Amino acid sequence: MDTLPIPVRVLPSIESPVYAFDPDRKQYYSTKILRYIVNSHSDSALRTIGITAVDLFIPILTYVFGEAQLDGKAAIVSGARLKQEYYGLKPDKRLYVERLFKELMHELGHTFGLTHCDLSYCVMHLSNNVTGIDKKTATFCENHRDQLINKLKELEIPYGK
Amino acid sequence: MASKPSIMIVDDEEIVRTSLSSWLLEDGYDVVPVESGKLALEALKKKSYDLMLVDLKMPEMDGLELMKEVKKFLPDLPVIIMTAYATVDTAVKAIKEGAFDYLMKPFDPEEISITIKKIMKQQMLEQENIYLRKELAKQFQFHQLYSKNKKMQEIFELIKNVAKTDVTILIHGETGTGKELIARALHAESLRKDRPFVPVSCTSLTETLLESELFGHEKGAFTGASTMVKGMFEMADKGSIFLDEIGDISPKLQMDLLRVLETKEIVRIGSTQPIPVDVRVIAATNRDLGKAIANGIFREDLYYRLNVITIDIPPLREKPEDIPLLTEQLIEKVNRETGKSVKRVSQDAMALLMQYRWPGNIRELKNVIERSVVLAKEDIITLNEVGPCFGRNVKDGISSGGSADMSLDQMEKNHITSVLKNNNWNISTSAQILGIDRTTLYNKIRKYNLGEDNK
Ligand SMILES: Nc1ncnc2c1ncn2[C@@H]1O[C@H](COP(=O)(O)OP(=O)(O)OP(=O)(O)O)[C@@H](O)[C@H]1O
Ligand SMILES: [Mg+2]
Ligand SMILES: [Zn+2]
Ligand SMILES: [Zn+2]
Chain A
0 MDTLPIPVRV LPSIESPVYA FDPDRKQYYS TKILRYIVNS HSDSALRTIG
50 ITAVDLFIPI LTYVFGEAQL DGKAAIVSGA RLKQEYYGLK PDKRLYVERL
100 FKELMHELGH TFGLTHCDLS YCVMHLSNNV TGIDKKTATF CENHRDQLIN
150 KLKELEIPYG K
Chain B
0 MASKPSIMIV DDEEIVRTSL SSWLLEDGYD VVPVESGKLA LEALKKKSYD
50 LMLVDLKMPE MDGLELMKEV KKFLPDLPVI IMTAYATVDT AVKAIKEGAF
100 DYLMKPFDPE EISITIKKIM KQQMLEQENI YLRKELAKQF QFHQLYSKNK
150 KMQEIFELIK NVAKTDVTIL IHGETGTGKE LIARALHAES LRKDRPFVPV
200 SCTSLTETLL ESELFGHEKG AFTGASTMVK GMFEMADKGS IFLDEIGDIS
250 PKLQMDLLRV LETKEIVRIG STQPIPVDVR VIAATNRDLG KAIANGIFRE
300 DLYYRLNVIT IDIPPLREKP EDIPLLTEQL IEKVNRETGK SVKRVSQDAM
350 ALLMQYRWPG NIRELKNVIE RSVVLAKEDI ITLNEVGPCF GRNVKDGISS
400 GGSADMSLDQ MEKNHITSVL KNNNWNISTS AQILGIDRTT LYNKIRKYNL
450 GEDNK
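If you read the sequences in order, they're chains A and B.
Per numbering that gives the first Met the number 0, the first sequence starts with residue 0, numbered consecutively.
Per numbering that gives the first Met the number 0, the second sequence starts with residue 0, numbered consecutively.
For reference, chain A alone in the conformation it holds in the complex:
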C-alpha cells in the first residue's frame, strides 16, 4: 500500500446530507455534497476528503463510487457499494476497508490532477465495480507516481522514501 507523506486530520462527523437527497432516485447527488465539502475546506489543509455511507449518483450516471474536483481541493467517497452486504454477501470488514482505502487514494489522485490509467493494477485505473477495485492495487503505477511527486514538489511537499 502506498501512503502519502501528508499528516491526516480527522474532522468531526457531520449531519447526513439530506440536502443532496433525490427522492426519485433514492440516492444522494454527489456533486452537491462535494460542493458542501469545498465550501467548508480550510486552507490550513491541503485537501479535504469526505467519506459517506450513502449511495451517490451524478445525474448522467446510475451511481458513482466517489467524485473529486480534478486538480482541486476536495473529494468524496461513498462506502455504500463497497460493502459485501450491498451484493447480498457476508460482511467482510477487512475487504471493505481495503476498497475504501483504494477509492480514497483514487479520488485524492484526481485532486492532484491525475486522470485514469490504462494499467489495471494502478490505483488510478477506473473501476466501475468492486471486482475492478479488488483487482487493482492501492499503489500508483510508475508514471502516475512521477506525476504525483511532481505535483507535490510544486506544492513544496517532499515525497521521499
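Calculated directly from the structure, the hints in this document are not laboratory data.
Every value quoted in this text rests on a predicted model; they were computed, and no experiment measured them.
A few of these clues could be false.
Between beta-carbon pairs, the in silico distance windows are [said to hold, decoys possible]: (1) A:S15 to B:A83: 20 to 30 Å; (2) B:A83 to A:Y18: 38 to 48 Å; (3) A:D42 to B:A42: 44 to 54 Å; (4) B:A83 to A:I13: 29 to 39 Å; (5) A:D145 to B:N128: 48 to 58 Å; (6) B:K149 to A:T130: 52 to 62 Å; (7) B:Y130 to A:S41: 49 to 59 Å; (8) A:Y18 to B:I113: 54 to 64 Å; (9) B:I113 to A:D145: 52 to 62 Å; (10) B:E68 to A:S39: 52 to 62 Å; (11) B:I113 to A:I50: 24 to 34 Å.
Each residue gets a CB set at the ideal place from its N, CA and C atoms; glycine is no exception.
Given chain A's structure and the hints, the job is docking chain B with the ligands onto it.
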C-alpha cells in the same frame, strides 16, 4: 496516443453537461460541452473531435437532425445518441441513421466507459489501417503506375535497368493498359528526365500533317506554311519522343522514320538541310506488328530498329489482383478532385469488377470508378452505382464463362470457381485475389455449393 482524445457533449440540460464533463475529464479526455445543435455545428468547424455525445430531445434542432447535419461533412465522426425517454423506435432510427450507439440516461458507468473505449480503439485501428494501406500501396507504385502483378513488377525493374541507356523501346499493349504512363516512367527514370517528353499520336493526323508535325517545315514549304515551324523531333531534342500508335503510320513515313533512327538527323519539309537531333525514341502500339509485317503493312527493318527492347503490358483481365488496388487509388484520386469521401467498393460490386473482361483496360476501369464515385450517395460504392456505369456494353465484357444474360449470382459463382481453380483451392490466395476476406469466401463456397469436384 499523441494527444488526448476529444469529446463533444451536446445537451440542453446544464446538469447533464456538467456531470458528464467532469466524469469524462477524470477519464483523461478533452471535453467540450455545448448546449445546442447550432453551437455544436459551429464548434465542429473550429477543431476536430473523436466522438460526439448528443442528446435526443433538444429544442430547435433535435439530436437526430444534428447528427444528420454532422454526417454530411464528417461522415466518420462517431455519434452516440443519449436520451431519457428511450423507445425502440427512436433507437432503431438512430442506429439506422448512423449513430454508433444509443444510450439511456442515466448511464451505467460501466456501459458508457466500455462504449467509449471501444470507439477510441476502433478509431485508432482505422487510422493505423489507413496508414498501413498507404504504405503498402507505395510499395506497388512506380511513378504514376500501380501494380502488384509479377509481370508488371518485372516491367518496372526492366525500366529502371534500361532507362539510363538510349536504346529504342517498343511498348506493346491493348488500349488503355498504360502505354503512355510506361513511356513517361521511362523518361522520368532516364538521364533526360529534365528535358522534354514529347508525345505524338500517329493515328489522329493525315500523312502530310503528321509528317510536318514530326519533322517541321520551312516557310513556304506548302500552301499555308507562312512561317517556319519546328517539328516534334526538334522539340524533343535532348529529351524523349513518344510515338504513340506507331503501327498506324504510312509506308512513306515508315521510311522517313527509319532514316531518322539511322542517321539521327531530320530534314524539315521544304528543306534539304539535315538537322542533327539527340532524341530517345519510345514507340507504342496496340497492334500485333508481327502480323502487320507478314501482311506487308509494316516495314520489317523499321520494326527491328524500334524493337530493341519490347515491353509487353498484360491486359487488365490477366491481372485481376490489380483491380482492388487500382480501384482504391482511383477512388482516392476522385475523392480528392471532387471533395467526396467514398471509402470503398462493396463486395458484390467488387466481384463484378473482377469478373468483367475490361476490353478498355485501366482507362475503362477509371471511367467506371469516376462515374460511380460521382453517383455514390453513401461512402460505399454498391452495385447500384457500378452497374449503370458500364453502359450498354457490359455484357460484351463479361468473361467467357457466361452467356450474355447470366445472372449476377451466376457470374459470381463462375468467377469464384475459376479463381479457386487457378489457385489450387488455396483459400487465402483466392480470397486476396477476389478482394474479400476468407470468411466471406467460405460463405460463398457454401452458398454456391462449390467443392473440389468443381476442379
Ligand atoms: N498501372 C496503372 N496504374 C494507375 N493508372 C494507370 C495504370 N495504367 C494506366 N493507368 C491509367 O489508365 C489510363 C490509360 O492509360 P494510358 O493512356 O497510359 O494507356 P494507353 O495504353 O496509352 O491507352 P491507349 O492505347 O488508348 O492510348 C490513364 O488514365 C492512366 O492514368
Ligand atoms: Mg495512349
Ligand atoms: Zn497509473
Ligand atoms: Zn476516477
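Original post:
At the C-beta level, are Y18 (chain A) and I113 (chain B) separated by a distance inside 54 to 64 Å?
Top reply: 33 Å, violated
Original post:
Falls inside 24 to 34 Å, the C-beta gap from I113 (chain B) to I50 (chain A)?
Top reply: Given range 24 to 34 Å: holds, Cβ gap about 28 Å.
Original post:
Taking the beta carbons of Y130 (chain B) and S41 (chain A), is their distance inside 49 to 59 Å?
Top reply: 53 Å, holds
Original post:
Lying within 52 to 62 Å: is that true of the beta-carbon distance E68 (chain B) to S39 (chain A)?
Top reply: 46 Å, violated
**OP:** Look at the Cβ atoms of D145 (chain A) and N128 (chain B) and judge whether their distance stays inside 48 to 58 Å.
**Re:** 33 Å Cβ-Cβ, so the 48 to 58 Å window is violated.
Original post:
Does the Cβ-Cβ separation between I113 (chain B) and D145 (chain A) fall within 52 to 62 Å?
Top reply: 28 Å, violated
Original post:
Does the hinted range 38 to 48 Å hold for A83 (chain B) and Y18 (chain A) at CB?
Top reply: 24 Å, violated
Original post:
Is it true that the C-beta distance of D42 (chain A) to A42 (chain B) lies inside 44 to 54 Å, as the hint says?
Top reply: 37 Å, violated
Subject >> S15 (chain A) versus A83 (chain B) beta-carbon gap, inside 20 to 30 Å or not >> reply: Given about 28 Å between the Cβ atoms, the range holds.
**OP:** With respect to the beta-carbon atoms only, verify the hint that K149 (chain B) and T130 (chain A) lie 52 to 62 Å apart.
**Re:** 55 Å, holds
Subject >> Assessment of proposed distance window 29 to 39 Å (beta carbons of A83 (chain B), I13 (chain A)) >> reply: The hinted range 29 to 39 Å holds for A83 (chain B) and I13 (chain A), with Cβ atoms some 32 Å apart.
Hint compliance for this structure: hints 2, 3, 5, 8, 9, 10 are not met, and every other hint is.
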